[in-house]
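Position chains G, S, V and H against the provided structure of chain L, taking the given hints into account.
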Amino acid sequence: MRRVWRALFTLSTVVSLLFLAACGNSGGDSNVVTIGWSGPQSGGAALYGKNTLDGMKMAIDDINAAGGIKVGQDQVKLKLVALDDKYLPNETATNARRLKHENGATIIFTPHSGGVFAMQQFNVQENFLIAAYTSEPKVTEAKNPLLVRIPPNYHIYPKPFSEEMMKRFGKKVALVPGTHQYAKDWTALFKQTWMGLGGKIVAENPVDYNKESDFSSAVAKALSAKPDVLFVGGASQPTALIIKDAREQGFKGGVIMMDQAKLEEVEQVLKDPRLLEGVIGVRPASQWPTEGTKKVVDSYKKKFGADKIPTSEVLYHYMAVHLFAKAMELAGTTDDPAAIRAKINDASKQLPSDKIPLSVEGLSEDGALITQPKAITMKDGKYVEIQLSFQ
Amino acid sequence: MRFVPGSKWVVAALFFVALAIPLLTDNSYYLNMLIMVFIWSIAVSGMNIIAGYAGQLSLAHAGFFGIGAYTLGLLMVKAQMSFLVSLAVSVVLTGMVGAVVGMISLRLKGHYFAIFSLCMGVILSLVIEKWESLTEGVRGLLGIPVPKIGSVEFSTLTSQYYLILFFFVLAMFVNRQIIHSLVGRTFISIRNSEELAESLGIHAMKSKMLAFVYSTVLAGLAGALYAGYLRFLGPEIASIEHAFEMLLYLLVGGIGTLWGPVVGTALVMTLMQWLQSWQDYRMIIFGPILVLIVMFLPHGIMGAFAQLKKNQPSVLPDTTDDKNRGIERGVNDRRLAGGESDA
Amino acid sequence: MLRTEKLSKYFGGNQAVNSVDFQINQGEITAIIGPNGAGKTTFFNLISGLHPPTSGKIFFEGEEVTNKRSYEMAKMGIARTFQTTKLFAGATVMENLMIGHRLRTKSGFWGAVIRSQRYRNEERACREKALQVLEFVGASALANRSVASISQEEQKRVAIALALSTDPKIVLLDEPAGGINADETSNLAELITKMKNAGLTICIIEHKMQMIMKLADRIMVLNQGIKIAEGTPDEISRNETVIEAYLGGGAHAQAH
Amino acid sequence: MDLFFQQIVNGLVLGSIYSLVALGITLIYGIMHLPNFAHGHLYMLGAYVTFFLITDYGLSYWPAILFAVAILVVIGMLLERLVFRPLHHAPHINSMIASIGVMLFIEAIARKMWGSDYRRLDSPYDGIIDLFGLNITEQRLLVIVSAVVLMIGLHLFLKRTVIGSTIEAMAQNREGAFLVGINANKVSLMTFAIASGLAAAAASLAAPINLVYPSMGAMVNLKAFVIIVLGGMGSIPGAVIGGYILGLAESISGTYINSEYKDLAAFVLLILILTVRPTGLFAKEAR
Amino acid sequence: MLKLIDVTVKYGSSTALHSVNLEVNQGELVVLLGANGAGKSTIFRTISGLLKPVSGQVAFMGQSIGGWSPDRIVKAGIVQCPEGRNLFPEMSVLKNLTLGAYIHRKDKAGIARSLQNIYELFPVLYEKKEQPAGSLSGGQQQMVAIARALMARPKLLLLDEPSVGLAPLIVEQMFKTIEKINRDGTSVLLAEQNAFAALQIARRGYVIENGHLVLEGARETLCDNEEVRRAYIGA
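Residue numbers (full-length UniProt numbering), protein chains in the order written: chain L, 1 to 391; chain G, 1 to 343; chain S, 1 to 256; chain V, 1 to 287; chain H, 1 to 235.
So that you can see chain L by itself, here it is in the shape it has in the complex:
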């Protein structure tokens, strides 16, 4: 009996201590503005979540080191509050309310469409701005007035990719994309484009890039259809493994890489650049030809190690925090989401390209940032730039 009492006592002590500790954190400072983030910090997508957070943390550190932002007459510093949602929409909804009501966040970042959809149900009602890092077109279709979509639209890639590969290798493509939603959407668009150009799809064999223990059987099946070109798409490292498996099984054709995979990371895994011959993909964000990009890449390397290269998640989030900070300065408020969003377009034009990576040209009507990515391909052992056309 005593054991039970003791256990109950211990448990309640632990719980109340936790409660006290948790309470200690909240407590606002008028000269600090909280930026919220809800994303995966555990589970299979944790790495992705961490990358987005790293970008934000670097940006906030840089802004605060420079004295913060000037809103009206006040010098305001930024603070990041990050909550784990395990990639689950309902957790995002809970976190968003917590960030808004407990931490006073006006801008909440989330790097997955499910979380965005969940927040869209109430963000206008509860008055906060969603910073959505997702390429899902439906996010903007809803015309939510308090939403900004950060990453570029992938619709521009398939056509130039396809044309280049067809020209160099042939018209038969085998598809081994991921099974996640982004890969599916990308693949659907790619298939349409490829066939529209007179190409033929000889095999389609999607695999789960995050869970699969061995890609080799999926690759073997795709290659058995004797394709000229292989289409792959998912996170960089598994993508690299698939390319490696294909080369090991004797595949010599071209490889089209979805923009989620980063060429520089693929290179790190493959080691031998010859395996990359004939690969086409999006130019790494870290190779964006601006001063700002170079600067951020350097400071990232300083922070995380010389062999680490910031992914586009890092760079886009770095840029986005600066963008929102600028918009707050322009709007002269830190707690009116509508006013802040109204200034995003102006802010994007005022971001100094020597400090900020990438280049943003403005905000589209439906709330997406406009950026202009580029594509490259490995030809005879060298990277060659491919022209992307914008209609």
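Keep in mind the hints are simulated off the structure, nothing from the lab. All clues stand as given, with none of them false.
Straight-line alpha carbon distances no greater than 25 Å define the calculated DSS-like cross-link-like pairs of lysine-lysine that follow: (1) Lys206/G <-> Lys75/S; (2) Lys159/V <-> Lys129/H; (3) Lys86/L <-> Lys112/V; (4) Lys295/L <-> Lys374/L; (5) Lys271/L <-> Lys303/L; (6) Lys191/L <-> Lys130/G; (7) Lys186/V <-> Lys75/H; (8) Lys75/S <-> Lys196/S; (9) Lys138/L <-> Lys130/G; (10) Lys294/L <-> Lys355/L; (11) Lys10/H <-> Lys86/S; (12) Lys75/H <-> Lys159/V; (13) Lys138/L <-> Lys78/G; (14) Lys196/S <-> Lys214/S; (15) Lys301/L <-> Lys374/L; (16) Lys303/L <-> Lys112/V; (17) Lys159/V <-> Lys95/H; (18) Lys159/V <-> Lys108/H; (19) Lys143/L <-> Lys148/G; (20) Lys57/L <-> Lys112/V; (21) Lys301/L <-> Lys112/V.
Positioned in the frame of chain L, the structure of chains G, S, V and H alone reads:
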């Protein structure tokens, strides 16, 4: 009433507090947390019926939660049916799927049933994820309309709160009625000894089926309410991690007690929220806490209360009785089993 | 009333019960005796439907019931107790006994939820039945005690009460006097006689010979799964084969 | 036809890994009646340990595997001693929950210490062998061969040595084992050690053909449970054969049906088999 | 050699043994008589450390062994051949026997000698040594169980109802074997309900009823005791 914190007056008082909460605070975070606690409590109490009372540990209940949620979502989005009709259909459909799954799986005993149901859960979640033409797959189901009953629209958080509180109270009422009835006692008799129950004329399979189907209905109801509340669905809600989470709520609260599921859900969810401040350390802290809880409070919180009150071991099921499978158990297990033949 | 025809049960290669012809007559107390491991409990398990027989037939009141399951057997009126007193641990005596009458009730899920008239009647009937059988076995005082807290002998009584609460025609008692002392045994014998006088048919497995010799109308002796003798207590106690089997080969001379 | 044989080889590679992990789970189940949900995470730890021994401590492949196995053996024994032995007399559901707690803990620790990045362990055996027209990397061949060697080793240990047979003795009749003087605690400690060691070996063999990351154990774990239910819980041949059945079923169904549904195929296979044989393929008959 | 002093054992709240006092001397063959459920196996399980007494003392060769783990008790020299036999059904007879000598596992020569002795005692086991123990007949399984216990070279052998389920002829053989084992120097505590057969080979005995030792005495005393006769033959 036998359970201390579940005594009539406490329950009544808590009920009135629950009714008054939206009047006392407009903090939507708290309301949202309570709504989530209600929803998951319903689902966990379903798991409790089959695992805690009928003694068959099911890990498929996240799958049934998913079925309930998707049925409601799909009916409202794709068939434009009204909220109440969709809710009814999703509950019935979950029960029907539950009946089919039960028929196959309840023939198995002990750990076999547990792991088989785990696999069933995985299948249900994979089906939801892969059947894209119906469920939209990993993209998720968008645009579930605001629940409406007659002319009342549940668009605000407060109105949703009352809607879900209503179903929560209803579910707990039905649970109470069942548990303290001949039907509930029948479940318990099967948990304690299927052999004895059968020799007393109880059709064990039939009763287990009833318990299983009812428990899936509760999971389905919870899922449907979740869909109506969040108005967006992704296949993750049916994932096996959720089944583990539900089991955890159940065990912490006290398996085989009426209020255990509610106490466990509320406590663990709150604990998880508090641990958010520790960020990366959250699970590093939570994992050992879990181990300590099962070591020192093996009957869960409500079980411990019942024990204090009755000053004797509480009714604790060992849902995985090896004797069913003819395996000798360890030395002291026999003592726990309380009596043995001295042949 | 209950009859078996060449009833056999094999476990793997072992013959637990081998081609037994047996009969339980209405209103009698029939005993099954035999050394440990003779197959007595297995035989009970067969005629109560717990295990399906490998071959042979079982008839109850003229009807063949060979492959009926134990819950069906119980509904037809065959109740049993177990060797190790099986009760639903943790519950009170009353709660245990109410389940015993469950098979005679009809209301299901909805009845219980809305507490329908029929449900309330049935619950009352269960409660009354429980009190009635408790009184019959002389354990009324135990009604609200937890099963875990009562003595071995009381547990035996409650187990019999549990069997009686199913409204049986035949009660099969598997070693009701195992593990209780002489006084308690004679009390138990009285109870069994009382059951017989109340019109019940009884079949009993027991090792306590004095008790059996006094109680039984007819005895069957099993050894190695085979019926080696059947008859009145007098006949059995004089039967050479029985003495041989029961007391071990060399003991014969000494026993006389 | 080439494709078919290629997929058979791939199935064998997959099956080898599954079998080694499933063997550990089934051994622990046989002795402690504990479905250890944390086992897949021991596999993950094994991969990380190997990775760091090679990259940070400069060990070469084989010594790294040996050390990783040794380290995991210690971790497994600690788990048995600190978590599962104290819970041995509690209801089984409690130790199951405890294993979930351990699982969450290990994954969180791995994330905290090593981050969530994918890591890549290079195989020292990167060559490609042309086997009757099939292209197979040496590493894949190595996985199959090593797994078979390990399994034979385990078999010999269990059947031919007195110490090894105590494990089987405990599984077959616990009380009988006590009565011949076998120390129950030592046996369960040894079982955890062997199971964790097997997981580590499987992980270090598989790591070079895939990536190393904190959640790499989750799916393998789930599959391993499918396997032991399929083969009969506690059955050692069941775990081995079940592992290969599943590996082959996955690679074949991935080829000839649809790769997206092949996880589903594994589970449906299980349901079908259990519907016909409720105690798995190799379960002992109930007495 | 073995002494139980006021040993009380409980299963949950019910008492299975009430202050039992029992003694086995060096070289003795003592029989423990009692009906089903009287508490014989409980005594055995307590001696072997499978159950812990709530009070009282268990002493062996002057040492208190109450609370020792089963394997430690086996090493001390008390080996039980349990009523349910508890063989390893899927292992061969030989393997069962080898495991019986688990505590002597380093003494290869000793094990070979023991095996030799066992095969002399039970020649049929030599014929069946490669068969799984579970496939043998009841009597043969009983032999394996006794043989396995002997492989541990016990100082004190506890035999729990070795005659259960055996044909009379085999029972007779079994008792002769037990007698021989005792003659060869092993003390034996034998639990039986087969009273008179057991009393033929034992010099001393106890009668247990409902967890109480009710009678104790030499063979003659017990044989002549009316209670015993009545209890077992019912006449």
